[in-house]
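Q: Spelled out from the first residue to the last, the chains are:
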Amino acid sequence: MNEEHPLNRLFGEAKSHAPHGEPSDFGFETRLRAALPEMTPSLADWIATFSWRFSAATLPLLVAMTVFLAMEQPGWVPEGVSGFVANWSSYLPIDL
Amino acid sequence: MFFFDTTRTRNHVETEIPESEWVDRARKGDEEAFLHLAVTYRPRVWSTASRFARSRAELEDLTQDLFLKIWKGLPSYRSDAPFENWLMTVTVRGCYDFLRKQRRRRESELLVDPQEGRDAVDERSDRARRQRDAWEKVDLLLGHLPPKDRVLITLLDLEEKSVKETAQLTGWSESNVKVRAHRARKKMRTIHDELGLDS
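Chain order of the listed sequences is A and B. Going by our numbering, the first residue of the first sequence is number 107, and it counts up by one from there. Going by our numbering, the first residue of the second sequence is number 16, and it counts up by one from there.
Heads up, some of the hints might be wrong.
Said to hold, decoys possible - Calculated cross-link-like contacts (lysine-lysine; reagent style DSBU-like; alpha-carbon spacing at most 30 Å):
#1 B:116 / A:121
#2 B:179 / B:84
#3 B:176 / B:84
#4 B:193 / B:163
#5 B:163 / B:176
#6 B:176 / A:121
#7 A:121 / B:201
#8 A:121 / B:193
What the hints assert, rightly or not - Here are the in silico distance ranges between beta carbons for each label pair:
#9 A:135 / B:190: 37 to 45 Å
#10 B:197 / A:148: 44 to 52 Å
#11 A:168 / B:36: 44 to 52 Å
Source of the hints: derived by calculation from the structure; they are not laboratory data. Model, not experiment: these values are computed from the prediction. For each residue, glycine too, the CB sits at the ideal point set by N, CA and C.
Please put together the full structure from these sequences, using the hints given.
A: Put into structure tokens, the structure is as follows:
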């Protein structure tokens, strides 16, 4: 750092200054106590987190299921799609 | 009434409980234990957050939000590191998020009158007045920096943290901290000279 620059003197003096004074004890604990229960995750939050965490594992499973169904029931998917799926399914690591 | 003053005994017992026990209880969802920790660490969190808030009311809200983040993040705390280090890491990162969110809003707002609130400031000594003036100039210069640089300069030059500590608190690499801080100081010196703040 450039020791000669007046900015360094400013830093030296500013670091001892508390910009908004000291914290007052009034109301802090009460406010925080009231806010804490709202932060506790509900069942819906927990399910949302759980499903998000497992979404990566769900995707290949979904692809494999779609491929399996497309091959088993060619009539369910639009014409041409079952042939396309049959060609590409050989690259999957599972034997369908 | 002395006979009904049970707080004396309770406070005496509470001080004997080690901090790790309070932390452990809080991690398990004990709100009273967390409140005990919050009261203990509030001055530390307040002091750091005060460098980023523009008013006392904003600082009160920011401090509360930071403690809610700490409460939410407690289950992820691993006791192999000191609790204070983890708490300050959450605080610094929370302040950085606060700055990023506030930046756009601040740019569209009118500048706050620097005279506002001066009456409340302790004017008892020349030294206190010099320190306040210096802070106002530094704050003005910090306002020209992006949030990331502002956090770095605050930690390095105002909170007197080392590069290593700053890197740990922010989660950025030491070389990144050094390079960004160097550029930020250079920019601050340029603006300082352009604005003639020394006069």
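Q: Each hint needs a verdict: does it hold in this structure or not?
A: Against the structure, the hints come out as follows:
1. B:116 / A:121: 25 Å, holds
2. B:179 / B:84: Holds: residue 179 (chain B) and residue 84 (chain B) sit about 24 Å apart, inside 30 Å.
3. B:176 / B:84: 23 Å, holds
4. B:193 / B:163: 12 Å, holds
5. B:163 / B:176: OK: residue 163 (chain B) and residue 176 (chain B) at ~16 Å, within 30 Å.
6. B:176 / A:121: Given pair residue 176 (chain B), residue 121 (chain A) holds - Cα atoms ~12 Å apart, limit 30 Å.
7. A:121 / B:201: 19 Å, holds
8. A:121 / B:193: It holds: about 20 Å lies between the C-alpha atoms, which stays within 30 Å.
9. A:135 / B:190: 37 to 45 Å: 42 Å, holds
10. B:197 / A:148: 44 to 52 Å: For residue 148 (chain A) against residue 197 (chain B), whose Cβ atoms are near 47 Å apart, the range 44 to 52 Å holds.
11. A:168 / B:36: 44 to 52 Å: 46 Å, holds
Going through the hint list in order, the structure satisfies each hint without exception.
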